[in-house]
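First residue of the sequence shown? That's 1 in the UniProt record's numbering, and the numbers climb one at a time after it.
Think of the hints as simulated: they come from the structure by calculation, not from any bench.
Hints should not be assumed to be uniformly reliable.
[Stated by the list, open to error] In the PhoX-like style, the derived pairs of lysine-lysine whose C-alpha atoms are separated by at most 20 Å in a straight line are:
#1 K123 / K219
#2 K71 / K188
#3 K7 / K18
#4 K454 / K71
#5 K401 / K462
#6 K467 / K391
#7 K71 / K35
#8 K462 / K391
#9 K188 / K74
#10 K7 / K71
#11 K74 / K87
#12 K380 / K475
#13 K380 / K467
#14 K406 / K454
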Amino acid sequence: MSVFSEKLSEYVAASNLKIAALAKLSGVERSFIQKMLTGERIPSDPAVLDQLASVMMLTPSQQQTLFQSYKISKMGEAVYYRRLLVKRLIEEAGSALAPPPMLRTQFNDPSFVRPDVLPIYEKPAILDTLRILMEETLSKDAPRIRAVVQPEYGACGVLLQFARSCPALSIEHIVCFDHALQYQKENKYNLSCLQTVFSFLFGACRYTPFFYHDAVSAKTGCTALFPFMIVSDTWCMLLSGDESHAVLLSGKDGAALQNTLFLQMRDVCTPMFLQSGKQTLSTDWASIHPGTSYCIQASPCFELFFSSDIVRPLIASSTDPAHSPLLLFERQLKQISLLEGTKTNISFFTMDGLESFLTTGRTFHQSEEVHSPLSPAMRKELFRRMLMCTKSGTFTPYLLKPERLKLDHRLGFFAAGNQQIFCTCHHPLHRTSHLLFAEKSVAYAMCDFFEYLKETGLVFSKEETEKQLADRFSKLS
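Input sequences plus hints: build the corresponding full structure.
As structure tokens, then:
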């Protein structure tokens, strides 16, 4: 029996209804109900569940549980939870972009006197000591931390507390992504790691993550002797696999040795993101695959419909024609433009985001070089081009339901047809960054989510979306 059939059987038994009565009252065939109860069939239309839930008088909580078990059985448990994690990743990444309530720029040296080698026992004592060491480090000029520790560990949580509120802090972080999994299904651990990485990345500090692949299970537990370390310029903390023991090495010689080991390890790791903070779209992008691309952000990706006649009035002039912002922008437009009819795109955005563009004249990806908003005539022209591409089939829009999927207006994702994921974030402290995901299991999971999203209740249907957009365009003066 499937998870769905077990849960449905439980609710049918609790309702004290016979199968014949349930079929008559709900309008669902008796034989079909019996096959659902035995696990032989799963309904293709979830509306069947609404019919059954209404007759059985299920509570809202029970209805939610029934629908969840239905989705798990229909797509498989691993796929269901992977997609759920991607949804949470997108929502929580936006929350991490919120400005910290209070930035800390001054720290007093706690005068932590200790021997050159200090063993520490039990996790609470280790984390308390790490907090004192962080205060000590931040009281110095140009504080820097290098860490080899998994995101789910308590020590990483301590680092995150300071990363969120300390703009002077610089962190280099090496993370092990699990390779002991089914590449396309069981990558929930790697997605969970990325959630924490985003919290660091969108915090106040300067954060540079790296990754490598290995079996994470080999690094955890009491048999893993000091696989993790956190090092500054004057101290190094070595951590056991279960965080129950630590050794604190103080002094510049010990710290210098561990920094050297960190750099050697970093050399064989891969940057988690390829990063560009200057150009509207990263000039490091490889040629976009001719297949369908996906975009999810609050406002429509109007750059897909840009042309030189729209861009030229907005770009500042440059004394170096070979490296002018206009030339760079035009090169990038060739990679993503839908106007030539050779590429297709599926986009998810909100009506509020569209209204913001129509009001301000600023697109999501406008960088510092694009210093002027678009005129009302240009806004209408871009809207017209979007509808034209929708009609031709090169652009497929889906309006998001904001109550079902919370998307921050400072965050956007672009998925190319060759499983490249680009993230653009407007950081409240560090301006705009454009990130290319380097870890492929995470990129696969996000591409899979975008393909799945258009079939869910998180968005309006294609037909309803096109109707709402056409109605809004007709109201433009």
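Hint numbers the structure violates, sorted upward? The structure conflicts with no hint, since it agrees with every one listed earlier.
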